[in-house]
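Take the given structure of chain A and dock chain B to it, following the hints.
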Amino acid sequence: MNANPNFRFPGLRPAAWLFFLYLYMPIVVLLALSFNANRTATIWTGFTFDWYGVVLANQDMMNAAKNSLIVACSATLIATAVATLAALGMAGRRFRGQSGVAMVISLPLVVPEIVTAVATLLFFVAVGVRLGLTGLIVAHTVFCIPFAYLPIRARLDGMDRYLPEAAADLYAPPLAVFRRVTLPLLWPGILSGAMLAFIISLDDVVISSFIAGAGSTTLPIYIFGMIRIGITPEVNAISAIMLLVSILFVALSWLAGRSRPSRA
Amino acid sequence: MSSPTEGRTAPRLRRRTAASWLLVLPALAIIGLFMLAPLGLMFEVSFLEKGAQGGVRWGTFTPEAYVAFVFERDLDDSLLLNLDYVRIFARSFVLAFATMTIALLIGFPVALHMALQTQARRNLLIFLVTIPFWTNLLVRNYAWILFLRNNGLLDGVLHALGLTDAPIGILYTPTAVMIGLVYSYLPFMVLPIYASLEKLDFRLVEAAYDLGANRWRALWRVIVPLATPGIAAGCILVLIPCLGAYVTPELLGGSRSLMIGNLISGQFGQARNWPLGAAFAFVLLTVVLIAMVAYLVRFRQPPETA
Chain A
1 MNANPNFRFP GLRPAAWLFF LYLYMPIVVL LALSFNANRT ATIWTGFTFD
51 WYGVVLANQD MMNAAKNSLI VACSATLIAT AVATLAALGM AGRRFRGQSG
101 VAMVISLPLV VPEIVTAVAT LLFFVAVGVR LGLTGLIVAH TVFCIPFAYL
151 PIRARLDGMD RYLPEAAADL YAPPLAVFRR VTLPLLWPGI LSGAMLAFII
201 SLDDVVISSF IAGAGSTTLP IYIFGMIRIG ITPEVNAISA IMLLVSILFV
251 ALSWLAGRSR PSRA
Chain B
265 MSSPTEGRTA PRLRRRTAAS WLLVLPALAI IGLFMLAPLG LMFEVSFLEK
315 GAQGGVRWGT FTPEAYVAFV FERDLDDSLL LNLDYVRIFA RSFVLAFATM
365 TIALLIGFPV ALHMALQTQA RRNLLIFLVT IPFWTNLLVR NYAWILFLRN
415 NGLLDGVLHA LGLTDAPIGI LYTPTAVMIG LVYSYLPFMV LPIYASLEKL
465 DFRLVEAAYD LGANRWRALW RVIVPLATPG IAAGCILVLI PCLGAYVTPE
515 LLGGSRSLMI GNLISGQFGQ ARNWPLGAAF AFVLLTVVLI AMVAYLVRFR
565 QPPETA
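Chains as they are written, first to last, in the working numbering: chain A, 1 to 264; chain B, 265 to 570.
Looking at chain A on its own, in the form it has when it is part of the complex (with noise of 0.2 angstroms):
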């Protein structure tokens, strides 16, 4: 491949720097002023832990991390499931519809989230069903789907078929394959699109507004009150932590995806 070509363009480079700069500024203010003893939030007067002492005592703050906890792990559950058995439908055969199939699967990426958000309000609504946890974890799934089924499908696509087939030619059966072979080369796909959905599903903001109940508010609907209420230290404090759980949810979907597919 083209590791380094012969094309240079001037100024490219440190217009990249700018890029990155910009692209990490805002993160590392809110995390540095998180640690900033002031209460007006952006005036340095030093440094302390105390903001994320007030944000772990407040006890409507926990109440609605603990609602986004299970919202999201039920959430990515079923949807992980749900997705790895649709990555395996589509993967290395054609059938008719198939296109369709890839179309209605990749829908709540194309529409927007206030869409779907009022859609589902409706639905709930004219169902009759309360909005509930069980309601935020239903649409939670939803847009959920793909983004567990992106990986798994390329981490398929990039798996020897051949080794299924071979354990088959030597008599496994069906399900042994699958547990024995199939599922093993497939876990650091399945991995990686469980962290991406329960991300998503952490940090969803628009949809739960519109469909969450007096009480199952979940941390992002609780933070987003906050914020428009006014800058405090406590929403510095929150947002940092919420940086950091994602990053580090990011990063681990990013080495589990990393690890290539074994081709023996």
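Since the hints were derived computationally from the structure, they do not count as laboratory data. Just so you know, these numbers come straight off a predicted model, no measurement behind them. One should not assume that every hint holds.
[As the list claims (entries may be wrong)] Partial list, computed: chain A residues near chain B (C-beta under 7 angstroms):
1) Pro-26
2) Ala-119
3) Ile-145
[Unchecked claim] Pairwise CB distance ranges (calculated):
4) A:Phe-47 / B:Phe-391: 27 to 37 angstroms
5) B:Asp-429 / A:Leu-133: 45 to 55 angstroms
6) A:Phe-20 / B:Arg-279: 44 to 54 angstroms
Cβ coordinates follow ideal geometry from the N, Cα and C atoms, glycine included.
Positioned in the frame of chain A, the structure of chain B alone reads:
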């Protein structure tokens, strides 16, 4: 591979097709029941009469919501032209296209720079571009409030440089919304352009040099045309979420920088006019789907990121 023309293998093929359908069925069922059906319902609601205390009256039919898009009813029930909603839609399109253009101007050089690196560095840079995209949208927009608000960090920097002495008051303006949107969706522009540049055979650029082209000519006549699918994908991936943006204008914009997303949400909040909100949402969905279909027809494959 078994060929469908051989009679012997046809039943086996049918069985495998059935297995494929069985495997994709749960995903289809969930998305169908909880996304397609709600979207259908939303379309229906946009043609219902609104209830007296909010909500809707089921089983009615009226195109009122779509009429209300452009007209308002006077006291004597005559229609008056009212372009408030049209104006908000127009503003959303202007903001979304401006965001897309700025993101392209920033994103293309970055993607080009990434494509010119060694493999190990490329992977690292992709990772660095992806991280902010996966972090909470709310938090990223919040960080910009810290920068843009009166006496915030931007004012501080400008004051220190001696450029201004009063706050420039940029927060809660359309400019602030655009800054937030560009920041939020830049990775969507960089990644697809990078994906198409990475596949580009740079020997073609050398060939252009040999034929007497300078750098700029090589860029315009060789690199940009070959990167067109990536550029188009990036544009559509930025445009679509910008059109439906809700969080960014809510946090960084003021009443004069409302966008479609806030308009829709307002009909389900204070205004309590669900049919009108559903109609707005349906119009937005239609626009987005048309843009997507136009892209698919032109490039024959879904937008691809790295």
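At the C-beta level, are Asp-429 of chain B and Leu-133 of chain A separated by a distance inside 45 to 55 angstroms?
At roughly 52 angstroms between Cβ atoms, Leu-133 of chain A and Asp-429 of chain B fall inside 45 to 55 angstroms, so the hint holds.
Is 44 to 54 angstroms a correct range for the gap between the Cβ atoms of Phe-20 of chain A and Arg-279 of chain B?
At roughly 52 angstroms between Cβ atoms, Arg-279 of chain B and Phe-20 of chain A fall inside 44 to 54 angstroms, so the hint holds.
Would the hint on Pro-26 of chain A stand, with a C-beta cut-off of 7 angstroms toward chain B?
At about 4 angstroms, which falls below the 7 angstroms cut-off, the nearest Cβ of chain B leaves the hint on Pro-26 of chain A intact, so it holds.
Against chain B, is Ala-119 of chain A within 7 angstroms by beta-carbon distance?
holds, 4 angstroms
Given Ile-145 of chain A as an interface hint, is the shortest Cβ-Cβ distance to chain B below 7 angstroms?
holds, 6 angstroms
Does the Cβ pair Phe-47 of chain A, Phe-391 of chain B satisfy 27 to 37 angstroms?
Since Phe-47 of chain A and Phe-391 of chain B have Cβ atoms about 29 angstroms apart, the given range 27 to 37 angstroms holds.
Going down the numbered hints, you'll see the structure goes against none, and every one checks out.
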